[in-house]
Structure formats: C-alpha cells, structure tokens
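Residue strings, one per chain:
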Amino acid sequence: MSSYPNVNKRKGVKLELRDPMSFVNKFIVLILSISTGLFISFVILILSGVSGSALWKEFVVYIFTSEKNLSSVLIQASPFVVAGLAAAVAFKARFWNIGIEGQMIFGAIAATYIAINDIGPGSVRLLLMFTAAGLGGVFWILLPAFLKIKLDVNEIISTLLMNYIAFNFLLHLLYGSWRDPSTGFPNSEQYDVFEILPLLGWQSLNFSSVIAVLLVVIIFWLFVSSRFGFVLNVLHASSDMAKYMGIRVSLVILIVTVVSGFLSGICGFLVSSGIESRMTQSFFLGFGFSGILISFLARDNPIGILVVSLLFATLVIGGQSLQVFYQIPFAMVQLMQAIIVMCVAASEFFIRYRLIFSF
Amino acid sequence: MDFLIFWLSNVPGFATPFALGVLGMIICERSGVLNLGAEGFVLVGAMSGAGVLISVGDVPFVALLIAGLSGSLLGLLFGFLVTILRVNQVIAGLIMVFLAQGLTSLLSRNMDWVNKPFAGLSKLNTGILTEIPVIGPIIFQQDLLVYCTLLFYLVAFYFIYRTSIGLRLRAVGENPDAVDAAGGDVILIRLLAVTIGTFFLGLAGGYFTVVVSKIWVDGISGGRGWIIIALVIFARWQLSRALLGAVIFGCIEALIPRLAAIGVQLPQYFVLMMPYAITLLVMVWSNLNPKNIKAAPASLGRPFLREERH
Chain A
33 MSSYPNVNKR KGVKLELRDP MSFVNKFIVL ILSISTGLFI SFVILILSGV SGSALWKEFV
93 VYIFTSEKNL SSVLIQASPF VVAGLAAAVA FKARFWNIGI EGQMIFGAIA ATYIAINDIG
153 PGSVRLLLMF TAAGLGGVFW ILLPAFLKIK LDVNEIISTL LMNYIAFNFL LHLLYGSWRD
213 PSTGFPNSEQ YDVFEILPLL GWQSLNFSSV IAVLLVVIIF WLFVSSRFGF VLNVLHASSD
273 MAKYMGIRVS LVILIVTVVS GFLSGICGFL VSSGIESRMT QSFFLGFGFS GILISFLARD
333 NPIGILVVSL LFATLVIGGQ SLQVFYQIPF AMVQLMQAII VMCVAASEFF IRYRLIFSF
Chain B
280 MDFLIFWLSN VPGFATPFAL GVLGMIICER SGVLNLGAEG FVLVGAMSGA GVLISVGDVP
340 FVALLIAGLS GSLLGLLFGF LVTILRVNQV IAGLIMVFLA QGLTSLLSRN MDWVNKPFAG
400 LSKLNTGILT EIPVIGPIIF QQDLLVYCTL LFYLVAFYFI YRTSIGLRLR AVGENPDAVD
460 AAGGDVILIR LLAVTIGTFF LGLAGGYFTV VVSKIWVDGI SGGRGWIIIA LVIFARWQLS
520 RALLGAVIFG CIEALIPRLA AIGVQLPQYF VLMMPYAITL LVMVWSNLNP KNIKAAPASL
580 GRPFLREERH
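Line by line, the protein sequences are chains A and B. So for the first sequence, our numbering puts the first residue at 33; every next one is plus one. So for the second sequence, our numbering puts the first residue at 280; every next one is plus one.
Hint data in this document are derived by calculation from the structure and do not stem from the laboratory. From the three backbone atoms N, C-alpha and C, an ideal C-beta is built for every residue, glycine too. Take these hints with a grain of salt, some might be off.
Stated by the list, open to error - Okay, the calculated bits of chain A under chain B, using three or more residues with CB under 8 Å as the criterion:
id	segment
1	118-127
2	144-154
3	173-184
4	196-204
As the list claims (entries may be wrong) - Distance ranges between label pairs, derived from CB positions:
id	chain 1	residue 1	chain 2	residue 2	range
5	B	Val335	A	Ser314	29 to 37 Å
6	B	Phe282	A	Asn265	55 to 63 Å
7	A	Asp272	B	Arg585	22 to 30 Å
8	B	Asp456	A	Asn265	44 to 52 Å
9	A	Asn265	B	Leu433	46 to 54 Å
10	A	Gly84	B	Arg581	38 to 46 Å
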C-alpha cells in the first residue's frame, strides 16, 4: 500500500486487504450471509402473497415437528448430497461439470434398462442397477472430458450442451418404446419391489440416505487422507505447479471426471429408484445446478455438502407445500437457492477486504 | 429452387437473435468479464418482451426496448457482483442463469403471462420490393429488427475498432493494469461493457418471444444462450466472424423445419437435439485451430484486484 502514497490521501471509500480471517469468523459470516439470503427470499414470498406466519409454519414448524416431513427432507437430501459431491470432485481439478443433469439422465436410463429388461436375478438387481447407473453417468461425461483434455474445448459449455442432448434422448425413449404400457403415460413402467431402494424402518426413509452418507465418507477420505487428494489439492492451487511436480494433469482430469460422472449417474439412480420408483421425464430437474451451488456453498468440503444439502432439501419440501397450498410456482425454490448463493458469494468480498471510509 | 428460396428467406429470422446475443457477449467479454449468464439474460429479456405485449398492448418496439433494458438491469447486478464485489465470474454467471430461471417463472405466473399468445412484430411490408424474384423474399421480406441488427453491428464495429472508447474497452480486456496505470477506471469500463452487452442479450431474448414465438412459456430460450456463448468462441471475439457464425447457425436452424416440410422423415427428438450437437461440433472444429484458443481476451475471467497487486 505504501507504494501508492497519494491513493491513501484520497477521500471516499477505500479497500484494504484483511489478514486472513479465523475459521470461526468465516463461519459467522457464512451464517449471516445465508440468513440474509433467506430473508430476501422470504420478503419475495411475502410480496407474492404468503403471510409471514405461514412461512414460519411451512419451513420450520411443519418440517421439524412432523416425522413424516422430516423423513421427506432426508430423502430429498440424498440426491442433493451426491450431486454436490459430483460437482465438488470435478471442481477440485478445476473441471466445471455443469452436465450433472445429463449424466443423471444417462445413469437413470442405464438403471431403467436393467429394470425393464429384467437383467440378472432379483436378489442382485439393485446392485446391477446401481453399477449401471454409475457407468451410464461416466459414459455421458467421457466425451466432454476427452474434448477438454485433447482439444481444450470449454467443458462448461460442452457438458451443458450434452444435457440438452440427453434430455431429448430421454424424451425419445419415454415417448417411444419405453412408455409405460399399463398407463400410456410418458414415463417408464414402475420398478418392481426389488428394484426400489429398501426402506430403513423409520417413516419412508430408505437406503438412499445410507448410500449418500457412505459416498460422503469415501469422498472425504479421498480428499483428506489419500495420496490422490494431495494431488488434487496441488492441482487446485496451481496447474503449473502440478506440472512441475510431474503430475500428469490430463490423467488426473480423466480420473476426476470419471468419478464425477459416476456420482452423477448414481444421483439419477437415487431419484428414480429412491424417490419416484420409475423414470419420469423431469426427475433430474434442478439437481445439476443445485449440486454446483451446494458444492460452492460448502467450499467443496464433503461434510459441508451434507449440511448444505439438508438446507436445500428443507427449502424443496417447504417449497412443495407452498406450491400446493399457496400456488407459488416451484421455481421459487430455485430462486431462493440462487439468492442464498449470491449472498454467500458476495460475502467473500467482506472476508477478504475491509472498507475504509475517509471523509 | 422454391425450397432454396423458402429456406434462405427464413435464415435472417433465425440468425438475428444469435447475432444480437453474440454482439452483446463480445462487448461484455472484450472488457475481460466472462459472461456465462447469457441464458439468464436472454430469458429475462424474452419474458419482459412478452410481458409488455400482454399487459400494455400492441407496442412491439417498446416491448423490445424493455426486453433489452431488463437484460441490462440483471446485467447491472451481474456487473456489480463481478467487478465491485469480485465474485468468481463462473459462479456469478451460473447464479444469473439460475436466478433468471426462477425469477421469470415466478413473475410470469404471478402476472399471468404464461401461454398467452399476442400479435408481436410482423414482417416488414416493402410492397413492390417483395415481388423481385429470389432476392425479394430473402432480403426485403424481413422484420425491422433484422435490418437494425446489421446497423448495430456497423455502429459496434466503429466504436470497438475506431474510437478511443473501443480502444479502452479492448485494453481493459487485455491488460487492465496498464489501463489503470494510465488513469483509466477499469471497474467503470467493465460495468459499462456488461450493462451494454446484456442489453443486446436481453434484446435477443425479446426477439425470441416478440418476433418468433409470439408467446411466453417457462424456459422458452431452451439453451440458446449457451449456443450464443459457443458462437463467441467460434467468432474469436471478433464482430465479423460473429456475424458469419450467426448466419451459419441461422441456416442450420432454418433448415431443420424445412426438411420436415419436404418430407424428410427424422425422429422428432433427434431433430430437436441437432442444434446442440451441431454447436458441440462447432466448438470442436473451432478448437482444432490453435489460433482460436489464444484469441480470448487475455484477462477474460480474471477479476481486477488493484489492492492485491504486488
């Protein structure tokens, strides 16, 4: 700063770099900015004609006093967790996987293929569907990953374009040969009992929560204790440094995209087999963007992803009842997520800088 | 021959929104601000244009102006986030898309704008000129915005390459530190570039509803904002190539419904996939030439951190 003497004398608002903030202070800022985002969202909702007391009831009272609603939140949170992990893994290697939804679609298509063609004995059917879903997701990310590695094609746009291609392929199946023969509706036929994730015994909570938590543990181990996690941290900090250390960056990107695609495929499976018991034409909607936002809010930390997913799931379940009882479009949930993330992103400015007013 | 004339006469209508959008993106990104929110600005413009026509009445040019201005309004928020608060530009762009999807869906439902057809902007009637064989329907039977777009390109070309304002814009995109040292206000220039750029993105969105579909439904832009971003890379951030890219894409988009009309049987959803698949091919083709990768403004995506300079 001292090298710009006349800058300091200028009147008005000036920025100064802060010393790095302690973890506790950062956490306080995070909570404050999430609260600000929620506050703005609630103001919008009140302007749309929902009373304040109704908001309190729908988002807090009914969710945390009813076991049924609480279990709905937990079920909704599982695919969010996995989508968040899929985003986080890729971001660690600076690969922006915006194609989570397309990979979810191909994951669910692969799992549904196993289900409707009755491949393998019933006892291992779920395991087959799980594996197929993961591989379906991998299949759909391979092209963007390859194009990124070989030709440096911007992965943000390529993965996103792949979403639209996957969606139209899904419609092609659901309005064509995969249409439910018993009802004629454009969704796949209902999965058999042994193709649906089993219940855990409390309310409607099912095995998807177990899968989500297991994946969090695995990815946490991968990030924190494994050799590969160290490589990822180096690559995240600086790809030049990684190159000088002899890390094969393209190989790391390939591994990371495969893991990310696999997780996205699983995410699709968790929605179709864990929530909807069939493949519908909109099962994936919003999970891709939500996954990215969740991973951003959690700073790519798997445990954080678990926490933020619970918050997002609460918004979804609250939003669903607002939709039913107050005719508030479900897009409001999307808007709330965007506003919260915007507030948190903006708060980083205040973590880094101090504003100095001199008049 | 009839097929060819019919096809080509539809090209300008399909190319115009791409041309407008890419123009906006280039103005924005030439200043070094990476704009991945294009889809969001397009959506907001599309909804506002439709909203004006439904709520106010048959005033297509006001609707188009409002479409552009509402793009700018969201653009101001985006600009504030990325220039003043220095938010990661990728994240900020994605937030804009998400925000716009939620906002347009909520607002259009609250205002009851969904699925309401309106008259919109019709093609210009140039009378006798339309009668000229071949070039009549292709060149003289278009809506006014098609011709305006060409005018916008000429004006933008003049400003970007021939004036000191344009020089500053390009300099900020290449080397903001140098502009800062020379006494230029990097933040202000970028904020202006974003505001003007998002105006054209909003206008492109307005074109989709006011001129093309003449109706609003959620997510009507259907990923065209992303195609616009891909076209910017194809255009190497240059206006002349941008126009070329938009026309090529217009040809492709105009060809798809024509094929069905002359009886080429293609599975419906594979036809709908084509624009995205072709965009992907265009991106691959662009990157086969190493020149393209280096064509991006040098500071694209990097926030200007005066206080952190060493």
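For each hint, the structure was consulted:
1. 118-127: Answer violated; 0 residues pass the 8 Å Cβ test.
2. 144-154: Violated: only 0 residues of the segment 144-154 of chain A have a Cβ under 8 Å from chain B.
3. 173-184: Since 3 is at least three, the answer is holds.
4. 196-204: holds (count 6)
5. Val335/B - Ser314/A: 29 to 37 Å: For valine 335/B and serine 314/A the Cβ distance comes to about 33 Å; the hint holds.
6. Phe282/B - Asn265/A: 55 to 63 Å: Check passed, 59 Å falls within 55 to 63 Å.
7. Asp272/A - Arg585/B: 22 to 30 Å: The hinted range 22 to 30 Å holds for aspartate 272/A and arginine 585/B, with Cβ atoms some 24 Å apart.
8. Asp456/B - Asn265/A: 44 to 52 Å: violated, 29 Å
9. Asn265/A - Leu433/B: 46 to 54 Å: holds, 51 Å
10. Gly84/A - Arg581/B: 38 to 46 Å: holds, 43 Å
This entry does not satisfy hints 1, 2, 8, going by the numbered hints stated previously.
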